[in-house]
Amino acid sequence: MDWVPLIITGIKVFFFTFVVILPLIAYSTYAERRVCAIMQDRVGPNRVGIPLTLLGFKKDLSFFGLLQPLADGLKGLFKQDLTPGHVRKSFYWMAPALTAIPAFITVCVIPFGSNVNLFGHDVKLVIADIGAGPLFVFAIASLSVFGITIAGWSSNSKYSFFGGVRSCAQMISYEIALGLSIIPVLMVFGKLNLTDIVTHQSEKGWLLLPLWNEHGSVFSGDYWAHCGPQWLLLLPLGISFIVFTTSIFAETNRMPFDLPECETELVGGYHTEYSSMKFALFFMGEYAAMIVGSAVIVTIFFGGWSLGFGLDSALLQTGEGDWKWFAGFIHLGVFLAKTIGFIIFFIWVRWTVPRLRYDQLMKLGWVVFFELALFNIFIAALIIAAPHIGTLLTMFVGVPILLALAAIMYFITKSVESKRKVNIT
Amino acid sequence: MAVIKLKRPKLSWYEHLYLPSIIKGLLITFKHAVISVFGKATGSKELASSGLGVTMQYPEQKWDEHLPEYYRGVPALVTDEQGHERCVSCQLCEFICPPKAITIAPGELKSDDEWAKVEKAPKAFDIDMIRCIYCGMCEEVCPEQAIFLRQDYAMTGTTRAEMVNDKDRLYQIGGVREGLINKWNEVK
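Residue numbers (our numbering), protein chains in the order written: chain X, 1 to 425; chain W, 426 to 613.
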């Protein structure tokens, strides 16, 4: 039996979860607090550092509070782990793990970079290079709702239960929009393997930044002669991006959609009865889901680990089209930079957009996003099919069908709206 | 009671899209972040901020020079220009003190003092700063202008006994106060 691939996979699992994702989780909590503080004209945690004064020095080293996550983790570990008497013990103990584990499992299909050649072994910087990337992410990520719902139910208190039920309803509503919104993207790529998707984008332009393709970039080559369909596709892909990103916000229970844990209404949410490390696990699961979410968005819409502008093939490939041995490291850096940028965007949105009311949330999910995503598929299909079916068919059959569909959907949306108004007055 | 019927404002299609207003909101928070990082947040000058937002970073920076005159800090006893202790141990402050923080043991002046047999002075005067609520009633009730609330606020100690200000400490904190009504001065 050949042990080498097994050992390499083990190293990759260790590296990506413990060296990349866990510190990223820790520091996104720190970034969350610092960024929100700065947006609200405050300072945020800037004290925790190396306490040199304890050793007799004059001053502490604070490093802008960069050791704050460490202090938080220690606090989580050393706090009393209280299990209230009125809970369902087995489920209560299981729930935090059920929330955290799916978020960590989804890490395995995310391509962190291209290839690294170490000691004669060509290592792909992805743990499991499977052919159903995004589907696997959706399938596993949506399992985390079980953890939240079970936590709410087993806590045996009204508010926790409300939090769990809300989370359940929210997940179901936005899962559909999430799944539908990605179909136009998959139609463009024609494949589901995330590594292939990224390679495709590095050659033919990022989905939302089509400034280059296989004929050259904006500044050179035959780009302008071939960029038409790319720019036309921006319409459905832009809608896809908005629906997908918003649904990811809802899936990860982030701010505009954090109804399961809104403190003002529910005391704390599904984790009201939890303390110490169990609570911290919920927290970690949530942030891991956020990181995986932004990684998926980056991979699908912003070219994953690729540098873009055709630089990948120019700088990092040998003549035969293979990656140079260090290409993977540069790609890993690029990917992390993009992902961190998106995490900051998540935080930025959280401290800008106020929380939706529950009926608004449901309406947005079922009436607006569901239909928009559905309609979006038809737009994308028409644009992709147009060159094959000819101008005549496109203009006189495709476009009218599209308009009719739009009218029907608009009518449905309106009818829901008017009924709601009658109920109020 | 007059009933005022309010109508929901009618949104234009532009407002119905939500996205433009969300982007507007994002720009507002971003502007705030930039301004706050460069130390130009609204009110940062008046609040003497540390250069990040409007926050003053406490142990390094202090609010002392901005304290208003009427600030109520640690209560202390004062002496006047002639070096007399002004307290005559009438115990009014002890009786009015709501949390009963003040304990006074009344005593005589020394027999060689020229005001002996005329006035009294406290033998011991303790203010328990763990109990004190900084209400300023002792200052208000004092007929002799002997006790004042100072601007010190950072009273710390590691034991309960350390937090009790005795007479020496009170005079040390209070110091000399000039311009009080001076009944001890014969010239006037």
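By construction, these hints were calculated from the structure, which means they are not laboratory data.
This structure is a prediction, so every number in the text was calculated from the model and none was measured.
Each residue gets a CB set at the ideal place from its N, CA and C atoms; glycine is no exception.
It is possible that some hints are incorrect.
Said to hold, decoys possible - In silico contact screen, one side only, chain X against chain W (beta carbon under 7 Å); selected entries:
(1) Ile38
(2) Met39
(3) Arg42
(4) Val43
(5) His121
(6) Asp122
(7) Val353
Stated by the list, open to error - Simulated crosslink set (BS3-like; lysine-lysine; CA at most 27 Å straight-line):
(8) Lys58(X) to Lys487(W)
(9) Lys449(W) to Lys363(X)
(10) Lys324(X) to Lys338(X)
(11) Lys432(W) to Lys414(X)
(12) Lys545(W) to Lys525(W)
What the hints assert, rightly or not - Beyond 12 Å from chain W on every Cβ pair, some chain X residues (computed):
(13) Val35
(14) Ala37
(15) Gly44
(16) Leu364
> Any of the earlier hints contradicted here, and which numbers?
Replying inline: Hints 5, 6, 13, 14, 15 and 16 contradicted; others consistent.
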